[in-house]
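**Q** One-letter residues, chain by chain:
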Amino acid sequence: MDFARRLTAGLLFAALAAGSASAQTLVYCSEGSPEGFDPALYTSGTTFDASEHTIYDKLTLFETGTTNVIPGLAESWEVSEDGLEYTFKLRQGVKFHSNDMFTPSRDFNADDVIFSFERQWKDDNSYHEVSGGTWEYFDGMSMPDLLSSIEKVDDYTVKFVLNRPEAPFVANLAMGFASIMSKEYADAMIEAGTPEMLNQQPIGTGPFSFVAYQKDAVIRYARNDEYWRDPADIENLVFAITPDASVRYQKLTAGECHIMPYPNPADIEAMKADENIVVAEQEGLNVGYLAYNTTQEPFDDPKVRKALNMAIDKQAIIDVVFQGSGQIAKNPIPPTMWGYAEGIEDDPYDPEAAKAMLEEAGVTDLSMKVWAMPVQRPYNPNARRMAELIQEDFSQVGVDVEIVSYEWGEYLSRSRELDRDGAILLGWTGDNGDPDNFLAVLLGCDGVENSNRAQWCYEPFDELIQKAKTVSDQEERAKLYQQAQEIFKEQAPWATIAHSVVYMPMRPEVQGYKVHPLGGHIFYGVSIEQ
Amino acid sequence: MLKFLLSRLLTFVPTFFGVTLISFAFIRVLPGDPILVMAGERGMTEERYQALQEQFGFDRPLIEQYIEYLGGVLQGNLGESFVTKRPVWDEFFSLFPATLELSICAMVFALVLGLPAGVIAAVNRGKLFDRALMSTALVGYSMPIFWWALLLIIVFSGNLGWTPVSGRISLQYFFDDVTGFMLIDSALSGQKGAFGSAVQHLILPAIVLGTIPLAVIARQTRSAMLEVLGEDYIRTARAKGLPPQRVVGLHALRNAMIPVVTVIGLSVGTLLAGAILTETIFSWPGIGKWMVDSIFRRDYPVVQGGLLLIAVMVMIVNLTVDVLYGFINPKIRKA
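Sequence order for the protein chains is B and U. Just so it is clear: in the first sequence, position 365 is 365 by UniProt numbering, and no numbers are missing. Just so it is clear: in the second sequence, position 134 is 134 by UniProt numbering, and no numbers are missing.
Bear in mind the hints are in silico, worked out from the structure with no lab data behind them.
Straight-line alpha carbon distances no greater than 27 Å define the calculated DSS-like cross-link-like pairs of lysine-lysine that follow:
hint	chain 1	residue 1	chain 2	residue 2
1	B	Lys159	B	Lys467
2	B	Lys215	U	Lys85
3	B	Lys330	B	Lys467
4	B	Lys369	B	Lys355
5	B	Lys469	B	Lys152
6	B	Lys469	B	Lys489
7	U	Lys85	B	Lys122
8	B	Lys306	B	Lys369
9	B	Lys215	U	Lys192
Construct the entire structure; sequences and hints are all you get.
**A** What follows is the structure in structure tokens.
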């Protein structure tokens, strides 16, 4: 670390000396260490917070606090009529950060865009194998099948050609894996024999530049004064890594940090009552569900699934499992997402009617398994407890439930199997704010034996979501998704259980923080009141 | 003495190979596939799964994987973390000084309080101080670390504001690692107040981590002292008219030290186990938390390498304890 950087950082952090909040330094008590700083290599939100939302930009961006896609490093784009060609006009005069090893000699241009994708896509790219080369998101979003070519039209124009129309493509480009890296830096690091520096000493165009990282302790960033948008209000951003939620709460109370994620649900009431803490909240872009195996008797009969759904007391689950920090889910997509079918009525909680429906369907003395996840997720903070409540509910309608659980990797692997025995508790957090990311991934025919845990392939539904991929008009797509949700409700491959509510406790002096529906923690646009 | 040292060193070799085998087998016996854990809810196609199996070498026979691992270990290469893609060796040594520093301070805390407490309790056997001390030690020994740490944080950091909540040093101080030991580096940095801040940050974690060893040392010192104080030579020393502090401090304590040193040696294991929780609560960037995270992520190279390095450390401590016995009791040296 050079002297100048050390001095700057030292001086600016000195403002925290008295333990009081500084006007220029924001301390975020983050929940864990990032796996690295190259968002394309990883899938965890902790890593994305530390990299894509601070250091990098993408061609398109999600407007903070919404799932709307806005121009990023691309000023504008055009889509061909057949939906196969996306031409992006790139922003000029965008500067990359510099560090001890690298000072950029040119502005951002088309070469950087092509490099950022080709390193993930092409086997012969010199970065394809660097740092393990597991491009989970790029592969997970089916980019290798989707992309036909990426062409440089001129220095500031890039054309993506697709193999099939894919309406969510522009939203996909706003995701972390699509972060734009500096090709010049990458080349310099290959030459220096240290290509892994791209992941360890990141260079981007984002609102903050990377200063230093001590594993499990602290990450430091400095404001990028040459940022292409208005420079950030905060001069220094510090992630104080604090894994325990109770300790984060204590640090917030003691003024050792300004803002913290993931509070314990049990602490929220006390936080709301504390005048030194403001709690921002928003519905999370997620869904927790119970997926039947629709290929297994008697769950292949929609009437049986519907009857079981009516036997679940969802309000009790919200009260007990979510301790109030959740809301009942009636559709497979969350209500904050465009295309949500507001008009659909949820199945009523009616054990008597459920019992009668089961008898009508010829189901008596049913025994089944309910799988409970061994991990906590926002969409299901305590799957074991949730399974116990469902067990109790089902016993009221004469269904005997055995709760099973496995180690997480085993759980994910076994639950994909077509002949899996029983219904499984699982959930999903959205990646790109597009309904396709829920409906096609979790319920489409392509997802059977993989992410479609209900093993549900229902043609009328699948046709609608496939059609929606090819339409570029959002209103028209929303109509198709609403029809698909109606079919989903009739067919009931899942019991939709809950959407969580996300809470962000912060000090009152923090201004302008918006809870991001996609789950990221974004500090551009945040300021500290003096 | 040299022969004694050599014989102890020779026992190192089979233990070392045993540990490589156990650490290799341990993580593979646990259910859970690192590739599937990495893929999460999204899952992955069969082809991609196979490709990754091949890339990580999981498709090869276990014995082949073990030999390759052992070959690497013998050349000082512990592999790269699946997750961070950084060499295990680098990660371990960037984090280990934090654990070591905390463990040493916890042990110093335990010794400084535990030894005199045990001696005073033994000398005042059956009196109020003895009973109070032994009851306190029992409570300390049974204290759940997690609860104890949070209680201290809430009282001393939250309510009284005397100590910082967590971390190793206040965020305002920013300097390069020289030794990795914050107390030393903060003093070397020349930044005003840095050393004091590092000390303040150490107080609560050292107390929490040192509580169980403190209780064990106090109890062990007491019982060893009681045994020695009943010996004939102590009666002789007293009969010769030596002042009581000399009898207790010199004649009794030195002989009572053997079982106490054993307990101190064994406490290293307890400290490392306690460090896992203490580090998590106090956001202390050491190897305890690093190991736990890597077990959850099934990060094979980190778990294997970390276990091996920790085992080697414990072996070194035990060797040191053996050598210390020799100094305390020459009879052992000659045996």
